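S.K.: Letter by letter, the chains look like this.
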Amino acid sequence: MTLAPHQTSVQPVDTVTVSVDGIEVRVPKGMLIIRVAELMGIEIPRFCDHPLLDPVAACRMCLIEIDGQGQPQPACAQTVTDGMVIKTQRTSELAKEAQEGVMEFLLLNHPLDCPVCDKGGECPLQNQAMTVGRPEARFDEKRRTFPKPINVSAQILLDRERCVSCARCTRFADQIAGDPMLELLERGAQQQVGIGPDAPFDSYYSGNTIQICPVGALTSSLYRFRSRPFDLVSTPTACEHCASGCALRTDVRRGVITRRLAWDDPEVNEDWNCDKGRFAFLYTADGRVETPLVREDGRLRVASWPEALDTAAHGLAAARGRAGVLTGGRLTREDAYAYAKFARLALGTNDIDFRNRVSGDEEAQFLASMVAGRRLGPTYSDLDHAPLVLLAGLETEDESPIIFLRLRKAVRSHGLRVQAISAVRTRSLDKLQASWWACQPGNEAWALRQIIDGPQGADALAGLRQPGAVILIGERLAGVPGALSAAAALADATGAKLGWVPRRAGERGALDAGALPGLLPGGRQVTDEGARAQVAAVWGVRSDVLPSRIGRSSSQVIAAIRSDAARADADSEPAVQALLVAGLDVEDSPEAGAFRQALDEVPFLVAVSTHHNEVTERADVVFPSAVVAEKAGGFTDWEGRVRSFGPAIRESSSVADGRILAMVADVMEVPFGTGDVASLRAELDSLTPSTVTRAAAPQVASSAAPTPESGYALLATWRLLLDRGRLQEGEPHLAATARPTEAVMSRATANSLGVANAATVTLSTARGSVTLPLAIGDVADGAVWAPLNSEGCALLGIGATYGSVVRVTGGAR
Amino acid sequence: MTPLTPVITAHWDVPDYFTLEGYKRHDGYRALPKALAMDPDSIIAQVKDTGLRGRGGAGFPTGLKWSFVPQNDGKPHYLVVNADESEPGACKDVPIMMANPHALLEGVIISSYAIRAHHTFIYIRGEVPQAIRRVASAVREAEQAGLIGDNIQGSGYNLRVTVHSGAGAYICGEETALLDSLEGRRGQPRLKPPFPATHGLYADPTVVNNVETIANIPWIVNNGVEWFRQFGTEKSPGFKVFAVSGHVNRPGIYEAPLGITMRELLDYAGGVRGGDGTVKFWIPGGSSVPMLTADHLDTPLTYEAMAEAGTMLGTGTPMVFNSTISVVKAVTRWLEFYKHESCGKCTPCREGTYWITGVLDRFEHGAGTDPDMKLLEDLCANITGRSFCALGDAAATPYPAAMKYFRDEFEAATHTPVDETYPSAASYLFTELAPR
Ligand SMILES: Cc1cc2nc3c(=O)[nH]c(=O)nc-3n(C[C@H](O)[C@H](O)[C@H](O)COP(=O)(O)O)c2cc1C
Ligand code: SF4
Ligand code: SF4
Ligand code: SF4
Ligand code: FES
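Just so you know, the sequences run in chain order A and B. In short: position in the first sequence from 1, add 108, done, that's this note's numbering. In short: position in the second sequence from 1, add 91, done, that's this note's numbering.
FYI, nobody ran anything at the bench for these hints, they're computed from the structure. Since this is a predicted model, take the numbers as computed values, not measurements. Just so you know, not all the hints are guaranteed correct.
To be verified - Capping the alpha-carbon separation at 30 Å, the derived lysine-lysine pairs in DSS-like fashion look like this:
1. Lys195(A) / Lys420(B)
2. Lys115(B) / Lys125(B)
3. Lys115(B) / Lys250(A)
4. Lys283(B) / Lys204(A)
5. Lys539(A) / Lys517(A)
6. Lys139(B) / Lys115(B)
7. Lys250(A) / Lys139(B)
Claimed, not checked - Partial pick of chain A residues on the chain B-facing surface, computed with a CB cut under 7 Å:
8. Ala166
9. Ala185
10. Gly296
11. Gln299
12. Glu777
Just so you know, even glycine gets a beta-carbon here, dropped at the ideal spot from N, CA and C.
Using the sequences and the hints given, assemble the complete structure.
M.R.: Encoded structure:
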């Protein structure tokens with residue numbers, strides 16, 4: 109029998125022959141005994157061992173016998189050597205006794221909390237105790253007790269007497285996340301997990317410690333005492349929060365999501381996820397649109413499905429050729445595809461755009477050329493093996509947390525070098541030991557060009573020419589003219605793989621599905637006749653049915669509605685007669701004010717929404733749609749990997765967007781299909797990825813950021829992972845672990861702005877201002893960083909976004 | 092009678108021997124120029140040939156340990172001197188540092204040169220500030236005399252020596268815990284492999300040696316292999332700084348060849364003090380080694396003979412107990428020590444010492460039970476060979492050894508409080524100070 113651990117690239121490995129419980133196997137040299145046994149289906153009990161953490165061999169539960177060694181050895185720390193004869197508890201009395209002895213020690217101080225402990229029913233200690241524990245305790249002395257529980261953070265609680273000191277949580281904090289300050293304190297029997305004085309465990313990944321704790325010592329404020337594992341119905345799901353693409357498990361108790369866990373996917377999130385993915389699910393409960401609504405006499409009222417479908421169908425049919433579709437970046441790929449198809453077939457328009465954020469033509473061209481409809485890659489595994497990764501316009505911890513974990517793993521395991529073009533030297537860059545190229549917001553294009561042909565770029569250029577080098581860029585670069593062109597040129601000049609990392613989970617899927625004015629599914633260009641024919645064939649229509657002119661982007665649609673409204677003569681045909689809007693938040697738009705007015709002004713507005721919001725308020729027809737947990741679907745992560753899932757809340761009767769569109773199309777007598785997820789998926793999968801002719805890469809010249817006048821600074825900003833986002837509503841413990849809302853600038857900038865001694869600063873634009881505590885940090889001179897959408901700091905609301913020039917004034921110390 | 096062989100201790104009666112001056116006056120720093128003129132590898136070879144075994148307790152051959160350090164690997168190398176001496180009964184390194192700090196330093200310079208280290212750390216137990224001060228001032232003197240620093244005696248060899256104070260944890264004497272502590276972490280033993288020889292201090296090649304081990308080096312370089320091997324036995328060559336304590340009339344340091352017997356050492360130490368004048372039990376070298384009885388007084392104090400007798404030479408610091416001492420109490424005190432000093436990392440030692448102490452406490456109060464004796468035996472068996480480091484193993488030795496020779500005392504402790512059978516007052520050193 110030859111066994112090998114999961115490997116992505118096939119390389120010849122040195123193997124050794126060992127025998128485990130009398131069975132001979134050939135395995136790669138240097139494997140841990142516990143892994144060899146696992147591959148053979150032999151389970152050696154363990155507590156401290158975790159395949160993704162460095163071994164500590166502390167719990168001693170995994171002791172096994174090796175021929176020729178007098179004492180039992182820890183299987184989790186010993187590697188195999190040729191000819192080794194290993195006996196586990198199955199065949200060795202010594203191993204069995206040793207394990208029983210350790211088990212007795214572990215139970216000795218363990219409280220009888222099982223009936224009330226969150227872990228009860230899924231607890232490795234409980235399971236082991238049932239297997240090898242003694243039926244009766246021999247321990248009569250006093251157990252150690254601790255006041256319980258203590259908060260190691262707002263979210264994480266610790267019951268110290270349940271802890272078995274396995275150091276999984278502390279190793280996770282140290283080795284995986286790199287975050288302070290979860291440590292083992294004290295010694296001997298008093299050893300305990302703890303935090304620093306006034307220094308809580310501060311990590312975006314804190315929830316993982318709960319999941320890997322082999323006992324119920326760590327619990328979350330959110331889930332503690334809420335359920336027993338055997339009352340839960342579990343479904344493998346994918347995370348809807350970002351484009352990292354985490355596999356999750358969603359646990360539902362009587363139709364209500366009770367918790368979410370990271371699910372093991374070695375290719376993507378390994379065993380981990382972030383706290384947003386884990387704890388932000390309560391939004392599914394409140395504020396939902398529950399029935400269809402139609403507007404009558406200026407007010408929305410409850411309507412039956414047939415009535416709402418009729419009203420929508422008529423309004424939309426009347427607007428054929430003059431309707432816009434705005435989908436937002438959070439739809440499943442199947443639903444996004446349904447909108448892309450609906451726009452072309454039912455509305456006869458290419459006016460469809462998923463980008464409810466800073467965007468532009470250069471980006472559309474970049475995506476069409478470099479990303480849309482392409483095959484998988486670059487991938488996480490490419491990051492694992494890269495010699496160098498260049499980041500530009502991307503803050504990995506905030507914007508794609510699993511990318512951060514992968515990079516850190518590669519930095520730790522093989523010395524990956526990370527370089528970052530960024531306005532801020534962030535905490536994540538420090539944890540990645542990255543070299544920081546300070547870059548004023550808006551100068552990224554220039555900085556990228558410097559690598560290609562600048563005097564100081566030679567080193568980086570050579571680095572990027574190494575096989576396997578990767579460039580990762582964030583969606584923020586869409587707002588920097590020339591940056592995406594420069595990134596494409598840099599990838600071209602070096603051969604480095606180029607990864608575009610959007611923030612929202614649905615963006616890549618919507619792009620591949622054709623929810624852009626210039627693109628059909630699979631990256632096909634609307635202007636390409638052959639491409640149109642391919643799509644028409646799948647849709648079962650004549651290809652001249654598909655509109656062939658490039659449509660209008662979301663800003664263009666908004667602008668068109670505004671100018672329709674501004675025109676005095678009511679008789680002339682409006683350029684946009686109707687708008688179909690899916691799940692997006694108006695305040696996420698960089699032009700929220702105009703957007704709001706356009707929603708007011710557009711003659712006919714249909715909203716498909718999970719929640720009541722500013723769009724539904726203004727709509728003529730509202731359809732209630734299913735949240736991610738209530739439907740099947742899939743997201744496409746930043747790699748281009750499809751993450752499909754089934755409904756977690758099977759009791760739900762909510763309907764997915766795709767089905768709703770199919771029903772509308774049906775009333776409109778447009779051939780659309782049933783709109784069920786399986787058929788949408790099958791069609792989409794036949795269209796993407798594709799190998800069609802792509803648009804050329806954009807070639808926009810780079811320009812420098814403006815030089816702010818005295819008293820002004822360039823704004824660097826992005827959304828913190830944990831912020832005011834709608835999908836995080838309802839979880840105060842999670843919110844309490846958000847990073848502080850503050851304005852950060854360099855000492856030099858503070859001096860030149862005359863705010864060096866100020867306690868707070870006010871950032872203002874013509875539209876308003878925000879006042880924040882001031883912190884001095886590593887920020888490019890001339891720039892100030894503040895969170896885009898945190899409590900007390902909604903910058904879009906004052907018309908400020910990445911690269912804006914803001915006025916900075918100091919408040920009293 | 093085996094004669095004493097004062098080497099390291101030869102001039103301890105010279106009042107200023109601890110100064111550079113005093114040490115030099117008595118042939119100090121004569122080995123250094125000789126060593127610096129030698130090829131480092133040949134020093135390693137010489138130490139190997141002497142068969143010198145580490146004096147820190149485990150008795151690992153020193154030359155062999157040095158030869159594990161990869162040479163010419165371009166990495167910094169370190170010598171770390173283990174001066175954490177914290178084991179109950181062990182008291183030899185502190186006297187050496189007090190009386191003979193320059194012999195230690197001369198050994199440090201030569202050893203560092205041999206293993207190509209340019210920075211040595213001397214990690215001294217935090218509770219002995221006198222020793223820390225003394226070694227620190229010896230380092231200063233040596234620096235001022237150009238014996239430590241750049242281009243030592245024109246040889247082109249550079250060395251820095253840092254004296255570091257521990258913070259009072261016995262586990263920090265374990266070499267890898269010591270390294271963690273030295274690096275500023277919480278002192279807990281590291282997983283081996285990799286061993287310090289390749290991944291020690293700051294993950295660079297490192298040799299950790301005991302104070303006495305290093306203090307041997309100048310004499311070895313000065314006098315050679317043959318001279319060294321004339322002392323001791325084939326497997327335990329050399330002389331040893333024995334520190335005899337407990338119920339003897341003249342407790343103190345006796346430097347003698349390995350192979351001397353306890354009976355002889357007892358004689359030098361003026362015989363048993365108090366009780367009925369006999370040895371009830373004794374430990375050859377620190378609380379971590381199993382006890383012996385009067386039957387073993389003629390067993391040679393060598394690594395091999397002690398092993399054969401079911402114990403270990405350990406640190407070579409015998410502790411003698413007279414007839415007034417309760418074995419139950421002695422074992423309980425030792426276990427209390429281990430419980431207090433367990434670092435907490437691994438389950439058997441952390442939980443085992445806590446549990447055993449609780450049960451022993453019952454015995455001490457006459458409330459042990461028959462099944463408890465079996466229980467203690469099981470618990471010790473569950474620690475031995477299962478714990479992460481030798482501290483756990485050490486904690487599991489006193490009870491089984493005591494049961495081997497004094498089972499009746501544990502049986503008595505199932506009904507009678509130990510203080511009644513063995514009143515504490517009978518063992519007091521100074522009866523006039525005894526509590527009433
Ligand atoms: C719990 C424990 C405490 C120890 N304390 C000391 C000590 O204080 N001094 C010492 O030299 N060795 C001590 N050792 C032994 C060291 O780990 C190591 O073996 C020794 O320093 C090596 O030096 P040597 O080869 O010169 O003997 C201790 C070992 C253990 C397990
Ligand atoms: S809290 Fe849990 S994970 Fe952390 S050391 Fe204790 S048992 Fe292990
Ligand atoms: S990293 Fe992204 S995909 Fe993963 S759990 Fe967090 S928000 Fe979800
Ligand atoms: S045996 Fe285990 S708990 Fe005891 S000191 Fe060693 S590592 Fe720490
Ligand atoms: S699992 Fe091997 S020692 Fe803990």
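S.K.: Would you mind marking each hint as holding or not holding in the structure?
M.R.: Against the structure, the hints come out as follows:
no.	hint	in the structure
1	Lys195(A) / Lys420(B)	violated (40 Å)
2	Lys115(B) / Lys125(B)	holds (15 Å)
3	Lys115(B) / Lys250(A)	violated (59 Å)
4	Lys283(B) / Lys204(A)	holds (24 Å)
5	Lys539(A) / Lys517(A)	holds (11 Å)
6	Lys139(B) / Lys115(B)	holds (27 Å)
7	Lys250(A) / Lys139(B)	violated (51 Å)
8	Ala166	holds (5 Å)
9	Ala185	holds (6 Å)
10	Gly296	holds (4 Å)
11	Gln299	holds (3 Å)
12	Glu777	violated (72 Å)
Hints 1, 3, 7 and 12 from the earlier list are contradicted by this structure; the remaining hints agree with it.
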